[in-house]
Structures are given as structure tokens and as C-alpha cells.
Amino acid sequence: MTLSDVDHAILNRALIAASHEMGAKLIRSAHSPIVREAQDCSAALTDPQGRVVAQAELTAIQLGSISHTLETCLSRFPADTLTPDDFLINNDPFNGGQHVQDIFLFTPIFHEGQLIGFSASVVHHIDVGGGAPGLNAEARDVFQEGLIFPPTKYSFKRDWNGGPFERMIAANVRLPESTIGDLNAQFAANLIGAKRLTALAEQYGVDKLFAAMAGALDYSERRMRNAIVDLRDGAYTAEAEIEGATADMPTTTIRTQIRISGDQMEITFDGTDEQLKNNLNCPYASTIAAAIACVKSVLTSDDVPFNDGIARAVKVSSPLGSVLNPRPPAAVRARLLASHRVFNSIMIALSEVCPDQVIAEGFDTTTPICLSHQGASGYNIYLEILGGGYGAGAQNDGADGVDCPLSNCANIPIEALEMDYPFMRIENYSLRPGSGGKGRLRGGHGFERSYRMLEDGVLFSTYTDRFNIQPRGLAGGEPGATCSIHVESDGKEIALTSRASRSLKKDDLLVVRTGGGAGYGDPTDRPERLKEADRRLGLA
Amino acid sequence: MTEKNTRVGIEVGGTFTDIVAITNGRMRVAKVPSTPASPDVGAINALSKLGIAPASVSELVHGSTVATNAVLERKGARIAMLVTKGTRDVLSLQRHDRKSIYKLQYRKPEPIVARDNIFEVSGRIAADGEIVEPVDEQNDRDLIEKIVRSSDYDVIVICLLNSYVNVAHEILIKDIVRTIDPSFAVICSHEVSREFREYERASTTALAGFVQPVIKGYLNRFAASLAEDGFDGALSVMQSNGGRMPAAAVGDQPITALLSGPAAGVVGAVKAAESMGLRDLITLDMGGTSTDVAMIQNSRPELTAELEIDGLPIRTPVVDIVTVGAGGGSIAWIDDGAMLRVGPRSAGAVPGPASYGRGGTEPTVTDANLVRGSLRAGSLRDQGIDVDEEAALASFAPLSDALSLSNEDMADAVIRVAESNIVRAIQKISTERGNDPRRFTLVAFGGAAAVHAARVAEELNIRNVLVPMNAGVVSAAGLLSSDYVHYTVATQRYRLAVENLATIRGVIDGLKEKARDHLVNEGVSGAPNFEVFLEMRYVGQAFEIPVALNDIDDALTVEAIGRAFAAEHHRIFEFSKPADALAEIVSFRVGARIPAQVVRPMIDRGDDPGPPEQEIELREKGQTLKCRVVRSDHLGAEAESGPLLIEDGTTTILVPSNWTARRDASQHVVLEGGDQ
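Chains A and W, in that order, are what the protein sequence lines are. If you read the first sequence in UniProt numbering, its first letter stands for residue 1, the second for the next number, and so on. If you read the second sequence in UniProt numbering, its first letter stands for residue 1, the second for the next number, and so on.
Be careful, since some hints might not be right.
As the list claims (entries may be wrong) - In silico PhoX-like links for lysine-lysine, alpha-carbon gap of 20 Å or less: (1) K577(W) <-> K208(A); (2) K75(W) <-> K4(W); (3) K157(A) <-> K428(W); (4) K195(A) <-> K208(A); (5) K85(W) <-> K146(W); (6) K492(A) <-> K506(A); (7) K157(A) <-> K195(A); (8) K428(W) <-> K195(A); (9) K505(A) <-> K492(A).
It is worth saying that the hints were derived from the structure and are not from the lab.
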């Protein structure tokens, strides 16, 4: 059926509003600070075929590949065999999932017995078992990283709320209340999505709803294609590197090819380095999500709603066995490092065809800080994602102290952190003046966050990057400052590597300095007014 | 001596300054142009227009956008901010997230205090309130002395870590300022918002300091010029929580003066509806650039403590108003994906809708109403606007061509999209908060709301719409009927358990006393009514939900609180935990309210008989309908069927064909129907 222009406009926005509400309620009812304060989660609505039609725009890496994650479920449990009591779960990095901490939950939605879509939610869970609390920096394979839930169907009535599946999870994670609490928040968000979608089906009829879903996909596809068709046809290439954990270890290279032909774009990663024996491997779903997020960010205004229509215009593939499409049992926890280099290399390739729409490289390195403590009352696990400076654009300085492009975590307020994690205190949380690369427009500044230990036996783990390789400037802009981590202990300063874990004792001070973004344009062209402001604010 | 027989409400808006005056039970209203450079001039002009001698005014309630504009235009106090060592960048780091995840050229909201005006002081308090490092008074005194003596600053703002638990250091630092210069303005974060999360509290406190001298100076000036003309009545101002306070008290609580305008409208709507016995309402306030909606249960507007102005967070209880960029001036356009869009861009007052002839050429919602026939050119003449219908028609041509529709059908399509934007805003405050809109009455006011109200109601399955008399000046009327209100808040965490009950009761009683004393100190007399809210969550959650204790106040038991919490949680999130799940109280909020005098004035319409009744053509949902136009005071108690256009000088009401309209004893217009 064809939809009037008015109904198309109204229903498209209604679907987006419903998915936003799912996201908001997911955050509000969750338990772990990583969801409720940091917002490391996402939500979406799909059509009955499993194509994402609207999403809560929270975390780019978790979006953009949700339909792949659902597809691997539906290929085993066909849509026409599902009942309202079923739910589907998947966190399998080699079957459409990302890293095992990101658990995807799908609920089929029915109206008068007919399947009308799925609600989808994903949360980064604070602990899913594995070799270390919260984050196992040493994992050599995926089994050491936590429980794997392959694409599976369960019954909510039978398996949850005290049922066997819930009990099995609770028994195998370190903070069962948080993990089960956050999964319950996902179920609640999915239920909200279902309520809103069935209300739309009731008000407008299923035919109109389906037409609106198809229309939403066509609309975003159309806007994406309109942006691609403006670009010069041709092939463009770029590379980006992830450094080794220490300066003498080899780097890993991402090799990116982009082909633009009319209103279609194809992105491949031929020649990219092979998968690694550490946790830097990037599951296929993460590669796709990173690539599409970059293209969308560069080419369209943020007014264009993200859904699977975008992906029709941008084909992404990467060679099996490479770091961007690893075979099992590769460890994948730190997949965002490679994902961000995918993002960087696509940006640099596109800078040839649309230099005004891209930005210079930023710190662009998701840096999780995991501090855990086992006390009399069990585990307490702190996990926070740190960003840094954004790259400068052709018309703007890079933003200071924000999370990286593919994730979008808020900080945990110092006062919330000290309330929840009495084994430590924050001594400094400040910008790093001068860490943004110089340029006509300067890169954003990184920041320092330092943690004083108040107890013995706190385990610190992290993975990060850009200790040696600085983010690259554009059009003559200078690179941004590198990142560093050290511990002050007994009057000594001990430098740590970019992928580290270490036991900390009382009075130790852990100091994390995140990197800045690179500049854009020749620094000598920077207007005096802006230079003066930097000096006055003490940021030069 | 002049008899003090007149009560006056004056609301200063962006374009118009509205006045409502009641003299011996008779009400008069007027609109004059606002004078943004010095808003008090417009306010005095409004008094003159109605010929009111200030000496005859017993009571003047004032609402203005002075504080809000100070923030939006960044024209406020010069602030020095004192923070705990290591947190100098609290205002620029903010929350580290981005409001738009795909925007590469992302810019954070501009902090209200620049980095070079933020200074670190010594001392540290832990999360449990313990002092882990004392204040080095000598060191900090040198710093503060420099700040005070420099004449670079108007206000010192103090925001120290964990001061919501232990205020000692903030008070100590404040005392240092006072010993150096007792008259220097200084504001502590625990006085403004005693809640955890340092960025939000620092932002709130900085904003309070920023607007304090501006709003104080403005009110002093206004009071002085009124006094010069003989005014010696009571001057009070509107707060964003929907209550008022004496003008003299604004200096202590400047933050509540922010965004008070929309709250006045909500209060006006509540009082109008109350006179008809309607207590569960959704308010729809549609002006030139945006539409504000709010939900009212049992005549009490819902409050929220989460508010942003210009991207900066404010944590103080305010009327929970959702704003959507859909007003009479919102521009219709077709995007590059061929989708019809309305707003958020607005033609505003200048250049204004294409039909206003002030330079606007793009089609707006007002133009759409003119083109499809739901607004008559002559109806805006009272407001000094001569409408050019040809220009409205011409503005639609590009859109009509693009979607192959007639101008009239195009205009109708634009209105339906604009109305759906409003519907979604209402869903945000109703269905998304777990409230079924069907049991509410939609109250429409503000110049542009009444023409859309019935269709908006229909989309939400609401069957009752109320358009208060003088719908265009409801906000000014709301000022006059607002109560004196003061809220006290305290972040104190307690498990919901029998052994804590006595403490919990003690905190509530203490806050009640504090709120009552506050009103007494402000010089407000009368016995207050109290509202008690507990901000609660399940142990392990981070976000609290407000639980009203009004109904179970007398028999406060752990079970009763637990039941009320579980019910609220279920309403909002669609789930709650078993009764034995641990819950906790995170903070307490107590409001004291001294009710205003009830206003039920008769309206004074003058002698203008108005235009004779006539018939026009209206294009709606693909049909052309013959539609009668009547003046609101010609409408009687007997319900008349639509299609009907009702004009009352400040607004136009559209009664669609499946709706009826009547005028009730309190003069308000009631619409009923909506059945398909």
C-alpha cells in the first residue's frame, strides 16, 4: 500500500520517538553505573524481517549492525515460529555479536497474532564471567573473556524470573545483581518498544505501519544516496595503525579501500593484517558498524535518521581471518581500538573527496579503566570509559574531553563514584592544556583523571592506544598529544604500557592522561582572537 | 488617599507584555509591545494602557524573561568560582558525552563561567562526609582577597566536592569572603541545590550566581519606578516551580526565576479549569515559536528536577514542561529525502509568517491556517496585524508543486504534521510517564493553540477540550492566582527499613519546619499546605523517581512507602520488583504552599459588538466544509456543532465537524466530541 506524505512524515517520527523512549527507560531503570551513568547501551525497533527501522542514538558501535546480530538468531529460529513468550539473545562475536560484554536481547512483537517487528536492546554488562573481573586484559582467546550466548531462543516464562537460564547466568558472573538487573532493564525497554509499536498498529492499521517501516528505510536510503551521488566517482584508499602494547612490538595495519560509483559506496579492507593472539580483534559486526557510522557522520547531517536503509547504499566487507573479521576463538574485548582505526582510515580516504566535511583524527581511542576490589561483602567492580580530544574540523576546534566517536559514554560523576566505590578517591579530573594539536583550528584537549587507592589489593586493568602514534592532522594541522598511564607508588613513578593490568595498594595514585585531537590547517593561520582566548584560558 | 482596589498580573514575553487587572471583581486585559532593552518600561506601559494608577494597586505579580534572557544572551554577573582542588574544569568537562552521536563538528554547551575565572581552594570532604583534608585558611584567604579586591567580579560562587553531605567547607570559605568584604555577593552550592553529581550542582550554582544581580537589579528598578508613581502594594514574582515569592526574596533564590514564564501559563490554566471542577489536565500553550505542554494531576502540575537552559543543566524543582519547536511561526519545508517537515526553524516575530508582510517569505503554520481557512485575516487585527492572504498563498506554491497538491491541501498537510509534533510532545509527558491521556482534559491557551486543540485531542483519544476565556493572556492571569511556594530539598540516603522510619520522619518534619520558616521570613503569612516527595530507587539503581507522600502522610509506614514506590516504578518502567526487594530513599523534597486568593472575576468586554456572524470555507482532511464564524460571547450554554470558528480577540478556536462547543458559566469555552 502507498502511504500519504503526511502519514509517512508522522509515522517515521513516531517510530523514532518510540525507540528513543526505549533508550531513555533502559538507562533510567538499569543497575550498573556503566549503563545508568555512562549510558553504554542502545535500543532499536525492527520490522518483521529484522531490519532496523528506528534506533535510540546512544552508542554508534552498538548500532548499525543490530540487524546482523538478529539475523543470526532468525536463521536458526525463523520469525514465523516465534511466540510472544519468546526472546532471543546473542553476544557471540563470531555469529553477529560484538564483544561478549555487549549482550543483545530481542523481543518479538505481535499485534492480533501477527508478528509486526522486534524490539532490540543491547547493554555493555559490567561482568559476564571470564578470567578477570570486568576486563581481562590478558585474554588469549574469547573463552577467557566471559560467557558466550550463541544466537538462542528462550521462553521468558520458563527461563527467566527465577528460571534456569537466569539462574545459570547469575551463578557465573561476579555481580549477579547488576547483570540480572541490567538484563531486566533490557526486558523492560523491549516491552516499552512492543507497547508503542502495537499502539501504532492499532491506531493506523498493520498495513500502514508496514508501509511506514518500508518508507522509513527508503527515506534514509534516499538521503544517504543523495549524499553519495554528490561525491566524485573513483577509488580511494587509506591506512591506519594500532600500535603494539610496547614500542618495540609490531603495529597492526588496517588497509581500507573505498569505491564510489554513482549513488553507491563500497568499502573493503583487503590486505588488512591477520587476526591477533591478543584481544585487539574486531568482530565482523563491529567492523560494519564502525564503517557505516563513519560514512554517515561524514556525509549526512545528523538530521538523517539511522536505520538499515543507510546500509543499502554502503556495502561493507572484510576478509575472514583478518583482524577485522576474525575466526574463533580470537579474543575480541578491545575491538574498539581497531574499530576506531577503521573509522579513521575511512575518514582520511574521504578527505580526498569532501575535505570540508571530515575532521582530523582525534584521540579516538576508547580507554576503559577497570578497578576491582574483592572485600568482605564480595566484588566491587568499577568500569569507566575515557575519551579525549576530538579532531578539529575545517570550521571548528575539536571538542575538549569527550568520549570517542564510536562510543558515547558519559563520565561517572566524582561524587557518584566515591559513593559507590569507597576503595578509591578522585584527586584530579582536569583538561590537559596544550594536548590538542595546533592548527588553524586546533584539536580538542585530552584530560587527566587520577585515582588515589584507599585500600590494598585493587586490581587495575585497561587497554588503550596512541602511546606512540599520534593522531594525524589535516591540511597542515599538527598531531595531537599522546596518551600515558602511570602509577605513583612509594614515591616512585612507574610507567605502565597501553595494555596493562596491575595490582595497586593503599595510597597508590593511578594517573591516566588521555590524548588530544589533531589540528586542521596551518597553525600560523590561526586567528589572533582564538590564540588569545587559548592563552587567557590557560589552554595554550 | 487612593483606594487600593486593584490586583494586577503583568507577564513580559518576547513579543508582547500582557496585563490582567481585577478591580472590584471585574477583569480587564491588554497587550502592549514588549521593550526588550528595559522590560520594566513595557510593564509600566501596560499599566498606563488600562489607565491604572500604581497607587491603586494592592498587589502586583510579575513574570518576566529577564533571568532567562540573561543566560541565553550570556549577559550576567562576572563570576569567580571556587572549587575543590583537581576539579577546575568541572564546567568544561561536563558529562563527557555528546548530545549528537554522529556530529563530527560537535560543540559542547558554552560554560557559564570561563576557565580563567575558576579557582581551586584547599580542603577535601569524602563521600561519607568525613573531612579528609582541612581547609588551609591562610592560603585560601590570600586567593580570595585577590578576587574580592580585584573589582573583576560581582559574585563568588562556591561548589566543593561532596558538599551535599557536609557543608562545613563551603561555609568556611563563605565566611572567609564575608570577613574580607561582608557585602560581597556569595552563593554556595549547598544553598542552591543540595544534591549529588558535582557537574549538575556546579552548573546550577553558577547559573544562580550569573542571574542574581541581573534579576535583582531589574526588580529593584521596577519597584523604584512603581514607587515613584505611588505604588506601595505587595510586589511578588513568579518562579519556575509554579509558585510565587516576594520580590525581595529573589536575591536568595535567583535560580527559580529562570524559565518562570511557561510555569505562569500552566498555573493560569490550572486555575481556570479548577473553577469548572476539572483537576486532571494536559496544558497546551502554543505561541509563535514553540509549544509547551505539561501534565497536571489533581490540580498539581508535575514537577521535575531535570531542566536544561541553553544546554546547561539546572537541578531545582520546576514545573515539568516539554517544549517542542512547533509554533505559529514554525516553517514548513521539504527535506532532501522528499519528506514534509514543520519546524523546528521558526520565522519568529521577525520576519514572521509570510502573511504578516514583515519580510517573511517561507510558509509557516499561521500561513497554513490562513490558506486552508481556519484563521481569518481580520481576526489578527486586534493585535495590530494586517494580514496579506495573497502572500500566504504564494508562500505555499513551491511546496504544493513539489508534492503535487493544491495550496489548500498542502496547508492542511502542514498543519497535520505540526499537530503530530505536538501530539508526540504530549505523549512524552503522558504515555511515556505511564499516564493514559484519555482521562485528562486538554486545556488550550496562548495565541495559536485553540485552532489545533481539537484535532490534537482526537489523536490522543481525548474527548474534552477547554479553552479558557482570554486564552491569549492566560499566563498573566496565572500570575494573579499563583500560590506562595517554597521548596526545600536534602540529599540523605536511607534504606527503606523499619529501623530508619523514625529518622525518615524526622527529616521530613525538619524540612517542613524549614520551608515554613522560610515563608515566614519572606513575610508571607498564613498556614501552609505541605507536599512531601521522596526520591527513591531500588538499591543498585542510580536514577530516582519521585514518590508523592501526600496521601499516606499521616500513617507513614515502611510498607506504605514501599507500596507507593513500587506503584510509581511500575507506572513509569512497566515493571517493579517483589515487595521484599531493597529500596532506598536518596533525597527528600518538601514544598510549603500558602494558597492565593481565589479569583473568579467577571469579564469586562467593553461595548464592541464585534463583526456579524458569517460563513467561510474551510479545507480539512481533503474536504471543503462550510463553516460558521462566531464571536465567543455569542456562544451560549447550549452546545453548537462544528464546523465552527470561534473568535475571542486573543485567539481563534476551531471546532471540527465531529465536535461541539459551548460556553460554560465561568465563560470558558468547552469542546466535546472527537468521535469518528
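These are the hints, each one checked on the structure:
1. K577(W) <-> K208(A): Violated. K577(W) to K208(A) sits at ~37 Å, over the 20 Å cutoff.
2. K75(W) <-> K4(W): Violated - the C-alpha atoms of K4(W) and K75(W) are around 37 Å apart, more than 20 Å.
3. K157(A) <-> K428(W): violated, 30 Å
4. K195(A) <-> K208(A): Holds, at about 17 Å.
5. K85(W) <-> K146(W): holds, 18 Å
6. K492(A) <-> K506(A): holds, 14 Å
7. K157(A) <-> K195(A): Satisfied, since the Cα-Cα distance of roughly 18 Å is no more than 20 Å.
8. K428(W) <-> K195(A): The given pair, whose Cα atoms are some 14 Å apart, holds under the 20 Å limit.
9. K505(A) <-> K492(A): holds, 13 Å
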